[in-house]
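Please build the complete structure, drawing on both the sequences and the hints.
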Amino acid sequence: MTSNTVEPGSSEPSRAVVVTGAASGIGRATVELFAQRGTGVVAVDHDEAGLKAFAGDERIVTLAGDVSSEDANRAAVALALERFGRLDGAVLNAGIGGTLPLEHPGALEAAERILSVNLRGPILGIRTAAPALRASGGGSIVVTASVAGIRADPGNWAYNASKGALLNLVRAASLDYAVQGIRVNALAPGLTRTRITAGVHENPALLSLIARNIPLQRFAEPREQAEAVWFLISPAASYITGTALVVDGGLDASLGLLPLPEAR
Numbered sequence: 001m002t003s004n005t006v007e008p009g010s011s012e013p014s015r016a017v018v019v020t021g022a023a024s025g026i027g028r029a030t031v032e033l034f035a036q037r038g039t040g041v042v043a044v045d046h047d048e049a050g051l052k053a054f055a056g057d058e059r060i061v062t063l064a065g066d067v068s069s070e071d072a073n074r075a076a077v078a079l080a081l082e083r084f085g086r087l088d089g090a091v092l093n094a095g096i097g098g099t100l101p102l103e104h105p106g107a108l109e110a111a112e113r114i115l116s117v118n119l120r121g122p123i124l125g126i127r128t129a130a131p132a133l134r135a136s137g138g139g140s141i142v143v144t145a146s147v148a149g150i151r152a153d154p155g156n157w158a159y160n161a162s163k164g165a166l167l168n169l170v171r172a173a174s175l176d177y178a179v180q181g182i183r184v185n186a187l188a189p190g191l192t193r194t195r196i197t198a199g200v201h202e203n204p205a206l207l208s209l210i211a212r213n214i215p216l217q218r219f220a221e222p223r224e225q226a227e228a229v230w231f232l233i234s235p236a237a238s239y240i241t242g243t244a245l246v247v248d249g250g251l252d253a254s255l256g257l258l259p260l261p262e263a264r
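Numbering (full-length UniProt numbering), first residue to last: 1 to 264.
Because the hints were derived from the structure by calculation, they are not lab data. It is possible that part of the hints are untrue.
Across the chosen pairs, the derived CB separations fall in these ranges [as the list claims (entries may be wrong)]:
hint, residue 1, residue 2, range
1, 211, 98, 37 to 45 Å
2, 256, 116, 41 to 49 Å
3, 74, 104, 30 to 38 Å
4, 56, 198, 39 to 47 Å
5, 256, 74, 19 to 27 Å
6, 103, 252, 28 to 36 Å
7, 71, 211, 40 to 48 Å
8, 152, 56, 36 to 44 Å
9, 69, 235, 30 to 38 Å
10, 82, 137, 15 to 23 Å
11, 235, 198, 33 to 41 Å
12, 58, 262, 48 to 56 Å
13, 107, 135, 38 to 46 Å
14, 203, 172, 36 to 44 Å
Small disclaimer: the values here were computed from a predicted structure and weren't measured. For each residue, glycine too, the CB sits at the ideal point set by N, CA and C.
Next comes the structure, spelled out in C-alpha cells:
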C-alpha cells in the first residue's frame, strides 16, 4: 500500500471525501468532479499506475491499496484527516466483474473475489469512515451498487448477488447511522462507459443491440454518474438516506417484453 501526498496550496478545501475505485470509470470521474468543485479527495485504487493521472492536483491525494483490506480503508481515512483535517463523505465505488458459470471449476474462487471487493469492501469502508464522519458533525456515504442488483442478467450471478446485497446493506446501515447524522445511500448505475463494459464497446453490433433496449438509447458517461454521486453527498440531499438513486437511462422502468417506441 503506497500513498502520494501533496503540499497544501493557498486555498485549502473546506470539505473532504474518500473515493474508492478512483483510477478509472465512475470513480475517476467522481474524483475529478469533486476536486474541480473545491472538495479535497483521497483517491483510492489498487491500480497505482492509474492513480498517477491525478498527479499535480493539490486537492487530490492518492492511495494505492486493496479495498477488501481493512488496513487500506483505515489508511484512506487517516490520510484524509492528515491532509485535509476532516472527512465529510465516502464514495465506496470500487467494484469488479468476472463471474464464471456456476458449474465452472473456478466459479467459487471468482465469486469469492467479487464478493470480497464488491461487498466486503463497502462494509469496511462504512465502518472505517463512520468515526471520522461523526467527528466532523455527520456526513454522507454513497455506495456504488448497480441496476444489476435490482434485475438479473444471465451468466452474471456472482456480480448480481454482490450488487443486490449492497442495496440491503445500504438500507440497514442507513438505519444504524441516521441518528449520528450520517446518511447512507446507493448509486445504482445502469450501463456506463467503464472498464467493465469495455468489451461491449469494442463490438459495435453488440453495442447497438444493447443500446436499443435502453429507453435513452445509449450508455451513460461516467461524468453523468459522478453528478449523481455529487448530489447524494451534497447538502441538497440532506433528507435522503437509505435509498438507491437509479441512473440507468430508464432501463429498469422497462420490462423489455415489447420494443421501445421509434423516434419520430
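Against the structure, the hints come out as follows:
At about 23 Å, the beta-carbon gap between residue 211 and residue 98 misses the expected band of 37 to 45 Å. Judged by the Cβ atoms, the range 41 to 49 Å given for residue 256 and residue 116 is violated: they are separated by roughly 31 Å. Checked against the hint of 30 to 38 Å, the pair residue 74 and residue 104 passes, with Cβ atoms roughly 35 Å apart. The given range of 39 to 47 Å is broken by residue 56 and residue 198, whose C-beta atoms sit roughly 27 Å from each other.
The beta-carbon spacing between residue 256 and residue 74, approximately 43 Å, falls outside the hinted interval of 19 to 27 Å. Separated by about 29 Å at the C-beta atoms, residue 103 and residue 252 satisfy the suggested range of 28 to 36 Å. Between residue 71 and residue 211 the C-beta distance comes to about 41 Å, which sits within the given range of 40 to 48 Å. Under the hint 36 to 44 Å, the C-beta atoms of residue 152 and residue 56, about 43 Å apart, fit the expected range.
For residue 69 paired with residue 235, a C-beta distance near 32 Å keeps the hint of 30 to 38 Å intact. For the pair residue 82 and residue 137, the supplied restraint of 15 to 23 Å holds, since their beta-carbon distance comes to about 19 Å. Checked against the hint of 33 to 41 Å, the C-beta distance between residue 235 and residue 198 comes to roughly 35 Å, which is consistent with it. The hint said 48 to 56 Å for the Cβ distance between residue 58 and residue 262, and at roughly 50 Å that hint holds.
For the pair residue 107 and residue 135, the beta carbons lie near 42 Å from each other, so the given range of 38 to 46 Å is met. Range check, residue 203 to residue 172: about 39 Å between beta-carbon atoms, so the 36 to 44 Å window is met.
Checked against the numbered hints given earlier, the structure breaks hints 1, 2, 4, 5 and satisfies all the rest.
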